[in-house]
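Residue numbers (the numbering used here), protein chains in the order written: chain A, 1 to 114; chain B, 1001 to 1112.
Please keep in mind that the hints were generated in silico from the structure rather than gathered at the bench.
Treat each hint with caution, since some may be false.
[Unchecked claim] A few chain A residues that face chain B, going by a derived Cβ cut-off under 10 Å, partial list only:
1. F65
2. A89
3. R110
Built from N, CA and C at the ideal position, the CB exists for glycine as well.
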Amino acid sequence: NAGVMQNPRHLVRRRGQEARLRCSPMKGHSHVYWYRQLPEEGLKFMVYLQKENIIDESGMPKERFSAEFPKEGPSILRIQQVVRGDSAAYFCASSLDSFLGGYTFGSGTRLTVV
Amino acid sequence: LAKTTQPISMDSYEGQEVNITCSHNNIATNDYITWYQQFPSQGPRFIIQGYKTKVTNEVASLFIPADRKSSTLSLPRVSLSDTAVYYCLVKGYGGSQGNLIFGKGTKLSVKP
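Chain A on its own, in the form it takes in the complex (with noise of 0.2 Å):
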């Protein structure tokens, strides 16, 4: 078991260039979580997904964002016309349910805006 794999480990991007951000989940894993994290600050948690769903987006910024996970395939984080506020350590999880146990979290997608 591979656990959580997030490609690519770093994404450079230009202003104004569009990043998307890939997590495959554990296997057997059906609920995914998508978190940010600042550089010496704490997670913060952007959206949570099940296969097709978002379950909770209360952590998303309005605008630029937007998250899937498709019946087949990776969950994907998209951000449009990144700016560089955008930098930053995008860290995966997966879990066998939305409570019980841990949260199994991948080695996340370091993004960098130039």
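Please arrange chain B on chain A, whose structure you already have, making use of the hints.
For chain B alone, coordinates are given in the frame of chain A:
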């Protein structure tokens, strides 16, 4: 979701036992307490979870008093590799709120 308060940082030496206490005064009846560990440039790693009294696994112990308004993560005989940030979280069971709320955590530095 209950808010948690924990020390910003702690120092220790190799071989010592480290206890990190977390306050969660407004914890709800259906909330569980969970601790995560995070190394630089890595995602958090689940350590332990509990509801009341004491829970122990191969990595740590979690002590929760009867009123559940606080909890203590105990790391026995720490080594240099235990240097990390430790997060205390509380989360309720059920409902559509699947997210964990992370604070700034406790930065543990283990010295030789």
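Status of each hint after checking the structure:
1. F65: Violated. Min distance 15 Å.
2. A89: holds (8 Å)
3. R110: Check passed: Cβ of A:R110 comes within 8 Å of chain B, closer than 10 Å.
Hint 1 alone, counting from the list given before, is not met by this structure.
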